[in-house]
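Chains as they are written, first to last, in the numbering used here: chain X, 7 to 760; chain F, 268 to 421.
Please note: incorrect hints may appear among the correct ones.
Unchecked claim - Within a straight-line C-alpha distance of at most 30 Å, the following computed DSSO-like cross-link-like pairs (lysine-lysine) qualify:
hint	chain 1	residue 1	chain 2	residue 2
1	X	K647	F	K355
2	X	K365	X	K647
3	F	K355	X	K686
4	X	K292	F	K355
Unchecked claim - Okay, the calculated bits of chain X under chain F, using three or more residues with CB under 8 Å as the criterion:
hint	stretch
5	156-169
6	258-266
7	304-313
8	370-384
9	602-614
10	649-661
The set of hints was computed from the structure by calculation and includes no laboratory data. The beta-carbon is built from N, C-alpha and C at its ideal position, and this holds for glycine as well.
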Amino acid sequence: MHPLMHALREQTLEELQAQVPASPPAPARDAPTGVTRRSVLASGAAGGLVVAIGWLPGSAQAVAGQGAEGRAAKAALVPNQFVSVGTDNLVTIVCKHHEMGEGNTTGLATLVADELDADWSLVRTEYAPADAKRYANLAFGTMQGTGGSTAIANSYLQYREAGATARAMLVSAAADAWKVPAGEIQARASVLTHASGKRATYGEMAAAAAKQAPPSKPALKTPEQFALMGRDRATPRVDSPSKCTGSAIYTGDVRLPGLLTAVIAFPPSFGAKMVSFDAAAAKKVKGVTDVVAVPEGVAVVARNTWAAMQGRRALKVTWDESAGASLDSDALLAHYRELAGQPGTPFAKPAAAPPTPAKTVEAIYEFPFLAHAPMEPQGCVAWLHDGTLETWAGHQFPTFDQMLAAKAAGLPVEKVKLHSLVSGGSFGRRANVWSDFTVAAVNVAVAIKGRAPVRLQYSREDDMSVGLYRPMMLHSLKVGLDGAGKVASWQHVIVGQSIVAGTPMAAMMVKDGVDPTSVEGVHPTSYDLPMMDGQLHDVALPVRPLWWRSVGNTHTAYVMETMMDRLARAAGQDPLAFRLALLEKNERAARTLKLVADKAGWGKAMPAGSAQGIALHESFGTAVAQVAEVTLKDGKVRVDKVWCAVDCGVAVNPDVIRAQMEGGIGFALGALYYSEIDLKAGRPQQRNFDRYRSLRIYEMPAIDVFIAPSTAAPTGVGEPGVPPLAPAVANAVVRAGGPDVLRLPFARAGLVQA
Amino acid sequence: MTMVSLNVNGHAHKVEADPDTPLLWVLRDDIGLTGTKFGCGVAQCGACTVHLDGQPARSCVTPATAVGGRKVTTIEGLQSKAAKAVQKAWIEHDVVQCGYCQSGQIMSATALLEQNPRPSDEDIDHAMAGNICRCATYVRIRAAIHAAAGQLSA
Chain X
7 MHPLMHALRE QTLEELQAQV PASPPAPARD APTGVTRRSV LASGAAGGLV VAIGWLPGSA
67 QAVAGQGAEG RAAKAALVPN QFVSVGTDNL VTIVCKHHEM GEGNTTGLAT LVADELDADW
127 SLVRTEYAPA DAKRYANLAF GTMQGTGGST AIANSYLQYR EAGATARAML VSAAADAWKV
187 PAGEIQARAS VLTHASGKRA TYGEMAAAAA KQAPPSKPAL KTPEQFALMG RDRATPRVDS
247 PSKCTGSAIY TGDVRLPGLL TAVIAFPPSF GAKMVSFDAA AAKKVKGVTD VVAVPEGVAV
307 VARNTWAAMQ GRRALKVTWD ESAGASLDSD ALLAHYRELA GQPGTPFAKP AAAPPTPAKT
367 VEAIYEFPFL AHAPMEPQGC VAWLHDGTLE TWAGHQFPTF DQMLAAKAAG LPVEKVKLHS
427 LVSGGSFGRR ANVWSDFTVA AVNVAVAIKG RAPVRLQYSR EDDMSVGLYR PMMLHSLKVG
487 LDGAGKVASW QHVIVGQSIV AGTPMAAMMV KDGVDPTSVE GVHPTSYDLP MMDGQLHDVA
547 LPVRPLWWRS VGNTHTAYVM ETMMDRLARA AGQDPLAFRL ALLEKNERAA RTLKLVADKA
607 GWGKAMPAGS AQGIALHESF GTAVAQVAEV TLKDGKVRVD KVWCAVDCGV AVNPDVIRAQ
667 MEGGIGFALG ALYYSEIDLK AGRPQQRNFD RYRSLRIYEM PAIDVFIAPS TAAPTGVGEP
727 GVPPLAPAVA NAVVRAGGPD VLRLPFARAG LVQA
Chain F
268 MTMVSLNVNG HAHKVEADPD TPLLWVLRDD IGLTGTKFGC GVAQCGACTV HLDGQPARSC
328 VTPATAVGGR KVTTIEGLQS KAAKAVQKAW IEHDVVQCGY CQSGQIMSAT ALLEQNPRPS
388 DEDIDHAMAG NICRCATYVR IRAAIHAAAG QLSA
């Protein structure tokens with residue numbers, strides 16, 4: 007389980023709310039005046055308590071049951087907040103998780119529909135309102151949100167029980183109507199039948215079923231009884247048709263009467279402060295309606311997107327960039343290297359004093375800042391009207407987004423209604439405790455005094471340069487081998503920003519000075535390494551760090567798995583055998599590793615310049631092992647094929663799991679090759695896809711995915727495909743005669759054409 | 268401001284716009300066709316791909332005033348046999364994840380198949396190189412294009 011889940015579980019919603027970060031200071035100039043702004047400040051001054059009180063009894067209910075649950079509200083049978091059956095025979099499933107591409111909408115619908123024995127073609131889905139009381143992520147305790155690859159894992163029993171409850175009520179209604187024992191009634195594909203010839207669709211029985219008492223604990227199927235779960239192609243993605251016809255509605259597609267569009271002139275460097283701005287030229291751009299200061303910068307509001315962008319281009323802002331002038335990636339790494347030589351905060355202590363090693367292997371690894379760069383740049387629609395606020399966005403953390411939107415608007419939480427839309431990717435970006443784009447949109451709406459609904463649109467450059475990066479990290483290792491080639495000592499120093507420090511998660515997550523997301527994958531590790539001596543240095547920077555698909559495992563897997571190969575080479579052993587010797591106490595990991603080795607034909611003869619590399623990493627409760635087959639030609643690398651074995655418990659939607667492994671591999675490969683946000687004088691040097699290269703189709707390897715059969719409860723799938731890929735490729739490059747890359751990305755080593 | 272005449276998906280539109288306004292924003296903001304997406308604004312990602320007389324074009328850097336008499340086709344206006352085969356194959360292969368780039372992917376794939384009904388892997392690499400998918404659905408994009416080609420020649 008991811009440390010985030012542990013931490014959030016231990017906190018109540020109220021505790022979380024009490025720790026909501028303070029709003030940025032109000033702007034010095036052009037601040038709107040009047041009741042609205044005063045109420046914003048009053049709310050801010052009162053801190054989280056006001057928000058917390060506003061949230062408590064009844065308020066969540068007031069928000070629920072509107073809009074998003076429109077179908078459910080009209081349905082005949084509504085046994086719980088997750089499923090309803092209409093007289094039209096349609097089953098509507100309310101999804102509590104954010105769909106950013108990872109397929110959880112399909113997964114949640116599958117869990118309900120299977121236990122309900124619903125006809126998949128009659129299943130519809132919609133997204134839940136912000137309501138942590140009814141739609142909490144059970145892995146996060148009392149908070150509603152999506153992340154940590156928990157969507158299916160935490161919903162597995164809850165959504166199945168929701169479906170089973172509805173089924174039991176339909177069956178008992180039919181038993182009453184037909185005067186036969188419930189046990190004699192068959193329910194299959196949304197139809198109830200009895201041997202006597204009686205027959206009714208779910209829609210026909212829905213109203214009668216609503217009068218039945220729900221079972222206190224509905225019986226669930228055993229895995230052999232699953233009709234949809236685990237069946238390949240039984241549950242095609244529910245969002246495919248709308249996304250193949252351009253009809254899916256993302257934030258930018260929301261249309262409201264009088265909708266204005268805003269863009270913000272954000273600070274050009276980290277730590278920059280606005281000195282002044284001159285709006286005259288911007289206001290001359292036809293279509294521009296407002297130029298207003300907001301805590302995030304200066305907002306240009308217009309009747310259409312192009313006018314807003316042109317207005318921002320014409321806007322003159324004077325910034326004081328002195329604070330970030332010395333912020334430089336190369337200088338930071340030099341500083342990190344110095345820190346690595348000093349004692350840090352221990353995160354792992356050796357079980358016994360290590361013996362003097364026969365051989366020592368040392369390495370220093372350097373990892374750059376990374377932007378998430380989802381295809382859809384951030385944005386949010388905010389509409390202040392009639393004493394309420396409505397927002398439309400990819401709300402990945404609805405609990406935070408709603409609380410912080412309320413705070414920015416100076417409204418009680420129950421007056422804030424979130425419309426959760428699908429988003430064009432996230433990879434962690436939209437799950438942040440500052441709710442950056444939601445709050446910014448509300449700040450603009452407040453600044454124009456709620457005159458009209460307003461859509462805030464980040465440009466690609468905005469999205470890539472406002473921070474919220476995977477932090478820059480450095481690992482320094484010194485590992486000793488004994489005369490038999492076994493690991494005798496393991497000194498491991500990690501340097502970098504803590505992702506959770508200074509956030510509401512810090513109090514519960516950081517234990518003995520260690521942010522577990524900085525060290526996960528090194529500690530704990532899949533391998534039996536009781537001799538590990540681990541130390542951590544946290545670095546504070548004006549650049550906000552954030553989880554990036556697989557969080558700490560993005561760097562720890564590369565370090566651990568390339569070190570395994572390095573040690574195997576030093577010990578004169580096969581990399582697979584070397585790993586298996588350290589996995590004697592981890593049967594599942596060993597099995598997953600053997601599965602992929604077997605499928606890839608590990609050890610087979612390869613032509614000169616080609617080689618396979620192997621890697622294993624467990625994250626989010628899931629074991630993934632990969633073999634990458636690469637070819638080096640003229641010093642450039644090409645990944646020809648990747649074999650991937652995954653053990654994630656019950657495979658609810660096998661094809662979605664395959665898709666997440668394929669996508670995770672491509673996402674990780676692009677980052678390995680090209681991704682880096684390089685800071686110079688506080689400014690990110692990469693601001694768009696021209697310099698922040700993404701993997702393209704001609705670089706995508708062939709992929710074979712093997713899902714280990716399992717009846718264990720499901721574990722994460724969205725992230726675990728990412729970590730093993732980079733080390734598997736790097737190990738293959740070395741085995742093919744290429745360089746041993748210690749500073750990412752590969753473009754720095756000239757292994758790919760940047 | 269200038270009056271721009273456009274033929275979009277077979278319908279004539281007259282829109283008053285700044286002469287530099289990219290076609291993308293005229294389609295989205297003025298005409299209300301939101302299937303064409305904004306991804307980068309600099310012709311790097313392909314999310315904004317439309318057809319001009321059947322040729323794929325990046326609408327984020329194509330001034331609306333430069334379209335002239337060419338027929339604009341967006342994801343909402345796809346009608347050809349190739350387009351239908353592509354969309355069907357996309358759904359059958361469950362290509363999409365977040366879906367945001369897929370309008371552009373489908374527009375590029377359709378243009379490819381309209382001109383080359385049996386593309387090789389190299390042809391696909393060439394035609395699709397301008398369309399980024401951060402979810403990296405490329406394996407399925409390739410498979411779906413081959414499947415659509417197979418259906419067209421069947």
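Tested hints:
no., hint, result
1, K647/X <-> K355/F, "holds, 27 Å"
2, K365/X <-> K647/X, "violated, 34 Å"
3, K355/F <-> K686/X, "violated, 47 Å"
4, K292/X <-> K355/F, "violated, 43 Å"
5, 156-169, "violated (count 0)"
6, 258-266, "holds (count 3)"
7, 304-313, "holds (count 4)"
8, 370-384, "holds (count 5)"
9, 602-614, "violated (count 0)"
10, 649-661, "violated (count 1)"
Checked against the numbered hints given earlier, the structure breaks hints 2, 3, 4, 5, 9, 10 and satisfies all the rest.
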